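Protein chains in written order, with our numbering: chain P, 1 to 264; chain F, 1 to 354.
FYI, nobody ran anything at the bench for these hints, they're computed from the structure. Because the structure is a prediction, the values reported are computed rather than measured. C-beta atoms are modelled at their ideal positions from N, C-alpha and C, and glycine is treated no differently. Hints are supplied without guarantee of correctness; some may be wrong.
[Said to hold, decoys possible] Simulated restraints on C-beta separations:
#1 Asp128/P with Asn52/F: 44 to 50 Å
#2 Gly228/P with Val84/F: 30 to 36 Å
#3 Asp128/P with Leu74/F: 24 to 30 Å
#4 Gly214/F with Asp128/P: 46 to 52 Å
#5 Ala59/F with Ala119/P: 46 to 52 Å
#6 Gln290/F with Thr124/P: 47 to 53 Å
#7 Ala59/F with Gly159/P: 50 to 56 Å
#8 Leu91/P with Ile82/F: 26 to 32 Å
#9 Val69/F with Asp128/P: 31 to 37 Å
[As the list claims (entries may be wrong)] In silico negatives: residues of chain P with every beta carbon more than 10 Å from chain F:
#10 Leu29
#11 Phe42
#12 Trp43
#13 Leu54
#14 Tyr93
#15 Ala108
#16 Gly116
#17 Pro117
#18 Ser160
#19 Leu196
#20 Trp198
#21 Tyr201
#22 Lys205
#23 Val224
#24 Ile240
#25 Gly244
Here's the letter readout for the chains.
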Amino acid sequence: MGTAAETSYPAFLHTFSLALYGIAIITSLLFRRKGRLRQVAFWCAAAGFGGQLLQLVLRWRASGHLPVTGLFETQHFLALWVTGSALYFYLRYRAAPLLPSASALAVAALILASRGPRAIVPLTPAIDTPLFLIHVATSFAAYGLFGVAALTGILRLTGSKIAPGTGDRRILDECLYIGYILFTWCMIAGSLWAYLAWGSYWTWKIKNLWSWILWFYYSGVIHVRRRGGWQGWPVALLAIAGFGLVLFTYLGLGLLFKTSHPLL
Amino acid sequence: MKTGMMKAAQPAAILRALWKVSISPVTFVVLSLLWCLDLAAGSITAYYADPNFSARMDAYPFKVWLGQVAPRTLPHSLWVYILVALSYLLVLSLLFCTVNWFLKRRYRLRGLGEVLVHLGFLLIFSGFVLGSTFGVREQRIMLAPGETKELPFLDMALRLDGMRVVTNDRGRPVDTVSEVALLQGEREAAAGEVRINHPLIWGSTVVYPRDRAGRPDGAVLRLGKERMVRVRPGGHVDLGDGRRILVQALLGEGERRGSLTGPGVLLALRDSRGRHGGAAFLSNRPGTRQGAVLDGMPVRFVSFTAAEVAVFDVHRDPGIWFAIIGAVVLACGTLWALAGYLGMIPSAAGADGA
Chain P
1 MGTAAETSYP AFLHTFSLAL YGIAIITSLL FRRKGRLRQV AFWCAAAGFG GQLLQLVLRW
61 RASGHLPVTG LFETQHFLAL WVTGSALYFY LRYRAAPLLP SASALAVAAL ILASRGPRAI
121 VPLTPAIDTP LFLIHVATSF AAYGLFGVAA LTGILRLTGS KIAPGTGDRR ILDECLYIGY
181 ILFTWCMIAG SLWAYLAWGS YWTWKIKNLW SWILWFYYSG VIHVRRRGGW QGWPVALLAI
241 AGFGLVLFTY LGLGLLFKTS HPLL
Chain F
1 MKTGMMKAAQ PAAILRALWK VSISPVTFVV LSLLWCLDLA AGSITAYYAD PNFSARMDAY
61 PFKVWLGQVA PRTLPHSLWV YILVALSYLL VLSLLFCTVN WFLKRRYRLR GLGEVLVHLG
121 FLLIFSGFVL GSTFGVREQR IMLAPGETKE LPFLDMALRL DGMRVVTNDR GRPVDTVSEV
181 ALLQGEREAA AGEVRINHPL IWGSTVVYPR DRAGRPDGAV LRLGKERMVR VRPGGHVDLG
241 DGRRILVQAL LGEGERRGSL TGPGVLLALR DSRGRHGGAA FLSNRPGTRQ GAVLDGMPVR
301 FVSFTAAEVA VFDVHRDPGI WFAIIGAVVL ACGTLWALAG YLGMIPSAAG ADGA
């Protein structure tokens, strides 16, 4: 595993996607008001997304499992969901203003990915279970959607119109709702895995506790997001604060405390 | 008459108001927020007070920890008491919301997903309470192949029939596969292979492989200048003239016997008539005695010999099936809710996410 042949194509595709997302940011800012040229940004982001998707398939084939282990793979998976959902919202709601910020988030994730080893390594017995793969894949998919929700919230608070009609509200709602469902599956798979591996589906380790905090936080958000008084800026603010919580749970805890989940 | 009716109406109005508050999503949100704040602040302060705080909590069923350990760690454990109170309030809020749905909104298929999510969570919580109250944990059970150990709290015994180490392609050990059996009296209740992620499950009792370890089973001593002997607990070394050195005890790392703390070996000298001729506790721990002279014979502790043992945890969680069924209901609820959200399930009352 991890031979030159196996690691060279991810290296190329990683740089390829990173560069295209960068170009997507620049072109979407440059051609913001230039009709058809604005499409360049969309196609750049779509090509970057395609590169990431191809990398995922190739790594999956080489390793025999969904590539979501280690910093490199998890950050790619996160970026894939961020740009994937931004492209979907672009096509469904014509949400062009979301594309540069989503591409910027994807670029940040890919730069962080660059810090992790790229070689494909076999799964150790502790993580050689479908429950682990479901747990990690759903958590990063949810993080990606919560990230796009936060970007939407920021754009709404700064007064930018993201999409025509009720598109803004629907984008935020879809990100929060589907993200919450994915995160619920992450918690179920993780708890079941913990029960089979360590003897308890609930542990008092700090990372696990903060994952529950995150779940309860978004449970609250899901309950209030459609209530009258919470429409508009309150729910936008909740989405931004929620992603702050995601970042602290994912990055902050790993840096400040000794956890059972060192930076994946 | 009118005053009497008003008096009767007052408790009913209070009950109605209480019910309204109980089923309100705002109540749930406020309680969730308080729950999150308490857990966030508590987990961080507890970590800084003692980085092993969570590991100590995980070593016991929660009720045992709460009743016996938490009072000794106050005020660092105060947040856990608050968390318990908030959890019960949260669950009551969810329960009332769910009951209300069944009373008022039962014909709406689209809302069923959310109700299943609530029901699933309630089942998981019930399972957790059952497991915390009646659960048992026996931890760090060390067994060499062929050995059996009683598990008094579970009224069972665990036997290790065999073990083999799995290595990766570089020869590094990555897992241990053990053949174990759970015994009830003489009867074998369950038997099978255990390894990481594959415990032995017998109802609500589960055997988890934890580790491999070396357990001291003897010691190597140097007698005089050159003679090396290997001894075992209860054994002896003949010194000639009928004199013998008896190995009275072998203490592993951290093991205690009276004022003695392991690792070390307790030796006693007997003369030809079996009379006591002196004793010494020898250890290789810094700051302790490694050698002694017994009746003119210099004796020095050299090293331990160790037998490889497998380490297991055995847990019994009577609430586990509630939790598993709850997780299934919760997962089904999210699937149903997602289908409703994406417009796959018709609703008479229009779109409603949650």
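Item to check | Asp128/P paired with Leu74/F, Cβ distance criterion 24 to 30 Å | outcome: 42 Å, violated
Checklist entry - Holds or violated: 44 to 50 Å for the Cβ distance of Asp128/P and Asn52/F? => result 28 Å, violated
Checklist entry - Does the no-contact call for Ile240/P survive, Cβ to all of chain F over 10 Å? => result 16 Å, holds
Checklist entry - Beyond 10 Å from chain F, beta-carbon-wise, is Ala108/P? => result 25 Å, holds
Checklist entry - Does the no-contact call for Trp198/P survive, Cβ to all of chain F over 10 Å? => result Contrary to the label, Trp198/P does not stay out of reach of chain F, its closest Cβ about 7 Å off (not over 10 Å).
Item to check | Pairwise beta carbon distance, Gln290/F to Thr124/P, judged against the given window 47 to 53 Å | outcome: 40 Å, violated
Checklist entry - Lying within 26 to 32 Å: is that true of the beta-carbon distance Leu91/P to Ile82/F? => result 48 Å, violated
Checklist entry - Can we trust that Tyr93/P is non-interface, i.e. its beta-carbon lies farther than 10 Å from all of chain F? => result 15 Å, holds
Checklist entry - Between Ala59/F and Ala119/P, is the Cβ distance one that fits in 46 to 52 Å? => result With Cβ atoms ~37 Å apart, the hint is violated.
Next on the checklist: Please verify that the nearest CB of chain F lies beyond 10 Å from Leu54/P's CB.
Outcome noted: The claim holds: Leu54/P sits with its nearest Cβ about 27 Å from chain F, beyond 10 Å.
Checklist entry - Does the claim that Leu196/P lies outside the interface with chain F hold up, using a Cβ gap greater than 10 Å? => result 6 Å, violated
Checklist entry - Does the no-contact call for Lys205/P survive, Cβ to all of chain F over 10 Å? => result 5 Å, violated
Comparing the model with each numbered hint stated earlier shows that hints 1, 3, 4, 5, 6, 8, 19, 20, 21, 22 and 23 do not hold.
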